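**Student:** So the chains spell out like this:
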Amino acid sequence: MEMTGFTENQLTVREAVGAVCSRFPNTYWQERDQTEQDPKDFHAAMAKDGWLGIALPVRLGGSGLGISEATMMMQTITESGAGMAGAQAIHANVYATQPLAKLGTQEQLESTIPNIISGRWRTCFGVTEPNTGLDTLRLRTVAKKQDDGSYSVTGQKIWITCAQVARKMILLARTTPLEEVKKPSEGLSLFCIDLDRDVPGLDMRKIKKMGGRAIDANEVFFDNYKIPANTLVGNENQGFKIIIHGMNAERCLLAGEALGLGYAALKRASEYARDRVVFQRPIGMNQGIAHPLADAYMKLEAAKLATYHAARLYDESQEDKSIRQDTIGVAANSAKYLAGEAAFTACERAVMTHGGMGYAMEYDVERWLRDCLVPRIAPVSREMIMNYISEKVLQLPRSY
Amino acid sequence: MSALRILVPVKRVIDYAVKPRVNKAQTGVETAGVKHSMNPFDELSIEESVRIREKKRAPGGVEDICAISAGPAKSVDILRTAMAMGADRAIHVETADGDEGALEPLTVAKMLRAVVDKEKSNLVILGKQSIDDDAAQTGQMLAGLLGWPQATQASRVEFKGDSIEVTKEVDGGVETVRAKLPMVITTDLRLNEPRYASLPNIMKAKKKPLVKMSLSDLGVANERKLKIIKVTEPAPRQGGGKVEDVDGMISKLKELGAL
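Chains A and B supply the protein sequences, listed in that same order.
Using this note's numbering, read the first sequence as starting at 2 and increasing by one per residue.
Using this note's numbering, read the second sequence as starting at 8 and increasing by one per residue.
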């Protein structure tokens with residue numbers, strides 16, 4: 002990757018995070034992927050050196066850096082060979098804590114954030130539902146207010162990463178029925194809840210999946226699961242507004258993760274193409290091998306510029322209120338789209354460059370190819386991004 | 008024992024993992040666009056200083072840990088790393104980039120002597136050598152100039168009463184020496200395992216004081232006593248041969264006169 006244009010902070014992050022990651026070689030991740038074991042020691046190592054607090058405020062024990070630096074951190078992790086497993090082991094702790102840090106009560110902050118930064122507790126993000134998908138506003142999980150002010154949660158969440166190992170969940174649930182609100186974006190509330198498996202009404206099931214197998218992804222079931230009143234984050238019924246802001250940050254992080262996968266795969270592919278000799282010459286001498294890799298490089302570089310542009314806009318918007326949310330949304334969605342596609346191109350070509358060896362676990366590229374489907378699909382599909390650009394930038398009529 | 012004022016000289020060198028290439032003019036190795044880091048032996052020096060403080064090993068405590076580097080503007084990076092690892096402050100003696108700014112060990116030692124006087128240091132911990140020139144001279148020369156005791160290639164540093172006992176790695180074993188402050192210690196690889204700078208400490212290091220000065224501020228001139236005539240790559244290794252079995256190996260060794 003061309004390194005010009007990054008800030009001193011970003012370069013420092015890259016170097017220091019790279020040093021932590023270098024203790025976790027590819028064989029570590031291969032084994033975790035095969036045995037589906039959580040990379041607990043990697044999470045602990047990152048927490049020990051304070052990385053989980055990268056974008057949390059200094060007053061809460063974080064380091065007060067921005068999404069530009071956090072994106073670089075996530076890219077460095079996946080690029081180290083850790084792939085999506087490394088990223089997802091810490092991802093939610095970095096971004097799902099953002100709305101909490103912004104709007105949590107003093108009590109919520111003091112009891113939660115330091116424990117997440119230190120790595121004692123892990124958190125997960127509970128938004129997606131099986132019957133709602135990207136239509137977040139129609140989510141069906143209900144948090145019903147009880148007479149004593151507490152809530153009772155009933156509903157189902159899906160694709161909840163790290164729920165098995167998380168102590169906390171940042172949960173989005175409906176507190177006012179859809180029929181009773183003026184706008185569908187109202188009536189949702191955000192909670193920071195305990196995931197206490199000993200309390201009745203909570204169940205979760207692991208989903209077998211294609212990539213990132215070290216990290217659990219789950220269906221989570223709530224059935225009259227009781228949560229106290231003080232778990233509410235921000236104002237009741239205003240939860241959607243709170244998380245929509247965090248979504249742009251998440252897209253930047255995902256874009257960074259995709260870039261890391263792509264650069265890792267491309268590096269491996271070009272090394273192999275230089276070394277592998279067939280017909281008495283390195284295969285990289287064949288343009289049929291070289292050109293697809295050169296093309297993948299340019300795609301990654303372009304996506305990199307888009308990604309760090311979006312991250313910078315996001316960070317600047319914290320101070321500079323003249324930057325419109327739409328502008329950030331367009332930039333962040335474009336970045337996620339471009340980085341996801343560029344990563345897929347690079348990973349797929351890396352496997353093909355390796356020929357049969359690319360299909361072997363030992364060469365890692367097959368793992369990264371499986372992993373790189375995640376940033377193509379999540380947290381928002383390519384099609385929905387194109388819908389968004391069509392509508393917001395090109396001002397075309399909405400199709401759905 | 009009086010409180011320690013530790014001076015830790017550090018050097019920016021080509022990263023240990025990079026394979027250096029000789030430049031076209033054959034006057035040195037290519038440095039442009041090459042990854043640089045702190046000399047690994049210097050990381051050990053910083054780590055040891057910080058551990059002496061953290062573990063409260065010195066009876067008089069540690070009053071100050073000051074990192075110093077002489078080199079081009081980019082040397083600030085490794086001084087920040089030193090402060091992120093735990094040094095209290097740093098001094099950057101800025102020299103010109105490239106060959107003209109290169110300092111010979113004696114010049115560095117003279118410069119360090121001046122800094123020791125200025126900062127009232129009573130312990131200097133430095134790497135036994137830097138991995139670029141591998142001269143392994145600065146520590147010894149500094150001790151000579153200061154008239155201080157020296158313990159080189161330390162693998163263990165212990166505080167005993169009012170003296171410091173240092174285990175040195177020498178050919179065929181270890182040697183233990185003891186001296187009183189002030190002294191010079193040079194570090195060897197088995198002394199400790201340097202930490203990674205944590206994010207909060209990286210952020211704190213940005214706010215720690217870093218003073219810039221020049222060689223002339225310290226009354227030292229960059230006098231060269233050596234001239235590099237030519238730098239060349241080592242001859243490429245001859246490939247090995249394969250033998251069928253143990254007997255084949257033995258007869259081959261005999262043939263080569265090794266047995």
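Check each hint, because a few of them may be wrong.
What the hints assert, rightly or not - FRET-style restraints, in silico, Cβ to Cβ:
(1) B:Y23 - A:P58: 51 to 57 Å
(2) B:V25 - A:E111: 44 to 50 Å
(3) A:G19 - B:E182: 53 to 59 Å
(4) B:E182 - A:D42: 35 to 41 Å
(5) B:A39 - A:K322: 40 to 46 Å
(6) A:R121 - B:P241: 26 to 32 Å
(7) A:E111 - B:V181: 48 to 54 Å
(8) A:R383 - B:D22: 24 to 30 Å
(9) A:M385 - B:P241: 55 to 61 Å
(10) B:V29 - A:R383: 44 to 50 Å
(11) A:A230 - B:L196: 54 to 60 Å
(12) B:E165 - A:D42: 30 to 36 Å
(13) B:V238 - A:H246: 34 to 40 Å
Stated by the list, open to error - Pairs of lysine-lysine residues, derived as DSS-like cross-links and limited to a Cα-Cα distance of at most 25 Å, are as follows:
(14) A:K145 - A:K183
(15) B:K125 - A:K49
(16) B:K127 - B:K215
(17) B:K81 - B:K62
(18) B:K211 - B:K63
(19) B:K62 - B:K237
(20) B:K63 - B:K81
(21) B:K211 - A:K49
(22) B:K211 - A:K103
(23) A:K49 - B:K187
(24) A:K146 - A:K227
(25) A:K145 - A:K227
(26) A:K49 - B:K127
(27) A:K393 - A:K184
(28) A:K268 - B:K215
(29) A:K268 - B:K127
(30) A:K242 - A:K145
(31) B:K167 - B:K62
(32) B:K62 - A:K49
(33) B:K42 - B:K237
(34) B:K42 - B:K127
(35) A:K49 - A:K242
(36) B:K187 - B:K63
(37) A:K300 - A:K268
(38) A:K268 - A:K184
(39) B:K81 - A:K49
(40) B:K31 - B:K63
Note that these hints are calculated values from the structure, not bench results.
All of these numbers come straight from a predicted model, not from anything done at the bench.
Every residue gets a Cβ at the ideal spot worked out from N, C-alpha and C, and that includes glycine.
**Student:** Checked against the structure, which of the hints given earlier come out wrong?
**Tutor:** Hints 1, 3, 6, 8, 13, 15, 17, 19, 20, 23, 26, 28, 29, 34, 35, 38, 39 and 40 not satisfied by this model.
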